[in-house]
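K.L.:
With the hints as constraints, model all of the structure from the sequences given.
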Amino acid sequence: MTVTLVPVLFVGGALFATGAFTVAYRRSFPGALAGLPLLLGGAGLDLVGVSRFATSSADRVAGQEFAVVLAGLTLAAVAAGAALARPGPGTPEGRR
Amino acid sequence: MDALHSALFYALAALTLAGALAVALLAGERRLLGLLAVAVGLAGLYADLSAGFAAGAALLAYLACASLLLRTLRAWPALEAADREARGVPQQVGGLLAGAVFLVLAYVAYRGDFAAGFQTSGEINTSAIGRLLLGRDALAAEALAGAFLVGVTAAAVTSRVRRVR
Chain A
1 MTVTLVPVLF VGGALFATGA FTVAYRRSFP GALAGLPLLL GGAGLDLVGV
51 SRFATSSADR VAGQEFAVVL AGLTLAAVAA GAALARPGPG TPEGRR
Chain B
1 MDALHSALFY ALAALTLAGA LAVALLAGER RLLGLLAVAV GLAGLYADLS
51 AGFAAGAALL AYLACASLLL RTLRAWPALE AADREARGVP QQVGGLLAGA
101 VFLVLAYVAY RGDFAAGFQT SGEINTSAIG RLLLGRDALA AEALAGAFLV
151 GVTAAAVTSR VRRVR
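Protein sequence lines correspond, in order, to chains A and B. All residue numbers for the first sequence refer to the working numbering, where the first residue is 1 and numbers rise by one. All residue numbers for the second sequence refer to the working numbering, where the first residue is 1 and numbers rise by one.
Hints listed in this document are in silico derivations from the structure and should not be mistaken for laboratory results. Heads up, the beta-carbon is just placed ideally off N, CA and C, and yes, glycines get one too. Heads up, none of these hints are tricks.
Simulated restraints, written as ranges between beta carbons of each label pair: (1) B:Asp113 with A:Met1: 18 to 28 Å; (2) B:Val40 with A:Met1: 18 to 28 Å; (3) B:Asp113 with A:Thr2: 13 to 23 Å; (4) A:Leu84 with B:Leu36: 15 to 25 Å; (5) B:Gln91 with A:Thr2: 35 to 45 Å; (6) A:Thr2 with B:Pro77: 40 to 50 Å.
P.N.:
Encoded structure:
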């Protein structure tokens, strides 16, 4: 079974949807934050797949380039989220 | 793609999706094992699709994400308490919408009439990506660097405030 654009898009879509599910369904902040890399990873995989299987000669590496940008953006978003994470004022740790 | 690369693709896809499900369904630090599996699987998928530089960047970024989340979980264990509460209607509707998004994306993947073609002309390597990032799309790279700087600065400042307390 050879790999074409369809399986790549399918895996990317599944990863994106799992990330969306995690962000939407988790109630804890770190839980929702962990879904962000899945969301952006799915989008990046689709970009790399299009760059590999359905690209024009003028813009061959644009998909890979934006996958790199998305990886950096993921790290920036998680770093900002981890910096902002703190318990609510009603919890013992929040009053510390 | 030859048979070996195809088999590798499906094995790495299975690893990535299993890791993603672990991130979605497990709790606590076990969730980060899933994120590590996603990091390895996604980097392998990128490399299998001839995107070696993106694979290295994604692997580094995802490992850093896992370590940041581990640090957050260890610093504030109480943040996990919210996951033990029952999900409200917004969470359930959000979960259902995520499932609907997957159905739409799967339908588009199968029914979309994408133009197929693998161009063999032109260069496809790290220096070509670097020229795009630092030349044509320098503004996007600058914006990314700004966002990264804000995130790291916020992390450093918050960490320092916690230590002072």
